[in-house]
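Protein sequences, first through last, are from chains P and Z.
At position 213 of the first sequence (counting the first as 1) the number is 213 in my numbering, and the numbers step up by one without a gap.
For any residue, its number in my numbering is found by taking its place in the second sequence, counting from 1, and adding 1000.
Calculated cross-link-like contacts (lysine to any residue; reagent style SDA-like; alpha-carbon spacing at most 25 Å): (1) 1020/Z x 24/P; (2) 1020/Z x 15/P; (3) 309/P x 261/P; (4) 1020/Z x 48/P.
Which chain P residues face chain Z? A few, computed with CB under 8 Å, are given here: (5) 19; (6) 287; (7) 288.
Just so you know, these hints were derived from the structure itself, not from any lab.
No residue lacks a Cβ here, since even glycine has one placed at the ideal position from N, Cα and C.
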Amino acid sequence: MPLDRRAHRLLDMLAAAGAEAPASVADRRAALAALAQSADDATIPATIEDREIEGPGGALPIRVYRPLERRAGPSPALVFFHGGGWVAGGLDTHDGLCRRLCESSGAVLVAVDYRLAPEHPFPAAIEDALAALAWVSGHTAELRIDPDKIAVGGDSVGGGLAAAAAQTSRDSVGPAVALQVLICPILDVAARTPSRVAFRDGHFISRAAFAQDLGDYAWTSSAADPWLSPGRNRDLADLPPALIHTAEYDPFRDEAEAYAAALSAAGVETTAIRHPGMIHYFYAMARAIPYAEAAAAVIGGQMRMAFEKVAENSAHMAAARR
Amino acid sequence: MSGSTVRTQVTAIVEALVAKRAGPTPVAADQNLTDAGLTSLDMVGLMLAIEDTFDIEIPQRRMTPANFRTIVAIETLIANVALAA
Chain P
1 MPLDRRAHRL
11 LDMLAAAGAE
21 APASVADRRA
31 ALAALAQSAD
41 DATIPATIED
51 REIEGPGGAL
61 PIRVYRPLER
71 RAGPSPALVF
81 FHGGGWVAGG
91 LDTHDGLCRR
101 LCESSGAVLV
111 AVDYRLAPEH
121 PFPAAIEDAL
131 AALAWVSGHT
141 AELRIDPDKI
151 AVGGDSVGGG
161 LAAAAAQTSR
171 DSVGPAVALQ
181 VLICPILDVA
191 ARTPSRVAFR
201 DGHFISRAAF
211 AQDLGDYAWT
221 SSAADPWLSP
231 GRNRDLADLP
241 PALIHTAEYD
251 PFRDEAEAYA
261 AALSAAGVET
271 TAIRHPGMIH
281 YFYAMARAIP
291 YAEAAAAVIG
301 GQMRMAFEKV
311 AENSAHMAAA
321 RR
Chain Z
1001 MSGSTVRTQV
1011 TAIVEALVAK
1021 RAGPTPVAAD
1031 QNLTDAGLTS
1041 LDMVGLMLAI
1051 EDTFDIEIPQ
1061 RRMTPANFRT
1071 IVAIETLIAN
1081 VALAA
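So here's chain P without its partners, still in its complex pose (with noise of 0.2 Å):
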């Protein structure tokens, strides 16, 4: 379908604004925030802590967002690494986002700080994440979570962040992750798919902007690096179910789909959504783009369905134990 009018409306306002125009770290990061709080001003209710954890590189900033609704017992969660090129965004530029999440998908959501480049270049943030995700694994009790239900998620690059813990997490038999939820992930930094190309120029995220952030992230690393590129690992067996949400005029959206369809080969169940009309981001601008919230409300049903089945999992596994 043609580009929705609300996200074209605002890619107009973008490249009105000069939005694509190469810039410094300092304006990359104030141009988020400003974003944030002119396309998103979510006040949906939720009981929110900000707290400090230790990690790898000194205090680690969280934010746990606990939905309002009330349930017996441990709740599931979601650690969730924000996007923002790897350079740019925090616990406020995606507040909105993850109040959405948090209420549709009634999980506890702790999102995680990492620390950003080019101050922290790679691995930071993937160092952060993984350190983030064994904090709330050995804290489920504290936070009243089900160590059976520890979801992670994150949208774009931190999609790529979420994909690679979820790999490590498997390959160093880290904290069981139940669920993995990638929103318009980058999952290969190198790609050179029709989408890149299609949509190199005036689709919210330029070629040479993300060149941009690339480089200040990750000058020394090769592209080939599975923390890096998650997608380009090809051993994916054994992974945790994935839900992967695309938007169709996103530069990054072939080598989601491409992920997706690579984990269902492999046996991971997957379910992937291509959401039309929509640009990479699109999610977590609802003022400016009302479709963002059907899309958290389908993103937090869908979760909500896979925590039931991991709990009908873990419950015919209990009888058949006994």
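Fit chain Z to the known structure of chain P by using the hints.
Same frame as chain P, but now just chain Z:
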């Protein structure tokens, strides 16, 4: 909508944004908003807020930095869009 009401509402939108950027308020009607601390990306926020508040759709050809340079410019833009509608 009367002129003074538009001015008041535009000023409120602008000053809220300027305050978020830790710029000085109040903002004079003819003050350059970049000098008041607004970034180019804040123009997107201004456009979205203006469209919401006045229930108008700013045509693409009017999405120019000049039309968002000052409170007076925004006021003129709103009047022009409303007249054309």
